[in-house]
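Peer 1: Once you've looked at the hints, dock chain B against the given chain A.
Protein chains: 2
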Amino acid sequence: MRKYISFLVVISALVGGCTADKPEIRVQRFGSVTGLKPEKLDYYKELHADAWPAVLETIRECNIQNYSIYLQQLGDEYYLFSYFEYTGDDFEADMKRMADDPDTQRWWKETDPCQLPLDDDGVWTTMEEVFHTD
Amino acid sequence: MRKYISFLVVISALVGGCTADKPEIRVQRFGSVTGLKPEKLDYYKELHADAWPAVLETIRECNIQNYSIYLQQLGDEYYLFSYFEYTGDDFEADMKRMADDPDTQRWWKETDPCQLPLDDDGVWTTMEEVFHTD
Chain A
54 MRKYISFLVV ISALVGGCTA DKPEIRVQRF GSVTGLKPEK LDYYKELHAD
104 AWPAVLETIR ECNIQNYSIY LQQLGDEYYL FSYFEYTGDD FEADMKRMAD
154 DPDTQRWWKE TDPCQLPLDD DGVWTTMEEV FHTD
Chain B
54 MRKYISFLVV ISALVGGCTA DKPEIRVQRF GSVTGLKPEK LDYYKELHAD
104 AWPAVLETIR ECNIQNYSIY LQQLGDEYYL FSYFEYTGDD FEADMKRMAD
154 DPDTQRWWKE TDPCQLPLDD DGVWTTMEEV FHTD
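Protein chains in written order, with the numbering used here: chain A, 54 to 187; chain B, 54 to 187.
You may find that some hints are simply not true.
[What the hints assert, rightly or not] Label-pair ranges, simulated between beta-carbon atoms: (1) A/R159 <-> B/Q158: 50 to 56 Å; (2) A/Q118 <-> B/E110: 25 to 31 Å; (3) B/D187 <-> A/P155: 37 to 43 Å.
[Claimed, not checked] Straight-line alpha carbon distances no greater than 35 Å define the calculated DSBU-like cross-link-like pairs of lysine-lysine that follow: (4) B/K98 <-> A/K98; (5) A/K98 <-> A/K162; (6) A/K149 <-> B/K93.
Hints are computed from structural coordinates only; laboratory data are not their basis.
The beta carbon of each residue, even a glycine, is placed where N, CA and C say it ideally should be.
The shape of chain A in the complex, shown without the other chains (with noise of 0.2 Å):
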């Protein structure tokens, strides 16, 4: 959730659920992908199982919610895919805020070179919404 960041095009946003008793919340989704390094694979999962309470805070600070990571074997190739909501109104002021806590970038520090990033552009490549149903 970095430097692709800012090149992304948001292709879908719905209106969040619970709206009786509080205003609308605006929520857009992100499907992501990125490469894991199969040596890599039992250490990302420990950190995953137990990740830091401060990187947790720092996700919620940012207006990310329901967040998942999912592992998958694709061929010879093991592939992470995200799922997660952003509730805010300034999506790369917020990835800013996250890129510059502290816990966050020693956290990235950890999980980085765990990855194999699909290409040049960041960490995660953001997937095409080709269907959504609330």
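Peer 2: Relative to chain A, chain B alone:
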């Protein structure tokens, strides 16, 4: 969302939001993947850009919500990644109900030939969740 479901182990659950004014809803998240035939890419996108209302209604009736499908090319192959949430209390029964719906069966007659399942267990392969934060 069919045959493989019967082998499915639900690896995660969370309490849905919006609990202040109604009972808590247990939400099970599913991330899945399948292949897409390159020659069917345009037709698959066209179908899902205007999905049949009866199919969407059945999805909701079967307690599926917040359902997205993403498209991504990895190497020379195309893949579809889905994320959805199940809010019912009998997933296999709801998936059978979906599979028994005539409109859904007609829909799958259009979509199944577009896809390249990863294995013989079903149309979609469930991925391993390695991280989640609400």
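Peer 1: Indicate, hint by hint, whether the structure satisfies it.
Peer 2: Okay, the hints, checked on the actual structure:
1. A/R159 <-> B/Q158: 50 to 56 Å: holds, 52 Å
2. A/Q118 <-> B/E110: 25 to 31 Å: Roughly 27 Å apart at Cβ, these two residues keep to the hinted range, so it holds.
3. B/D187 <-> A/P155: 37 to 43 Å: violated, 24 Å
4. B/K98 <-> A/K98: At roughly 33 Å apart (the allowed maximum being 35 Å), A/K98 and B/K98 satisfy the hint.
5. A/K98 <-> A/K162: holds, 15 Å
6. A/K149 <-> B/K93: Not OK: A/K149 and B/K93 at ~38 Å, beyond 35 Å, violated.
Hints 3, 6, counting from the list given before, are not met by this structure.
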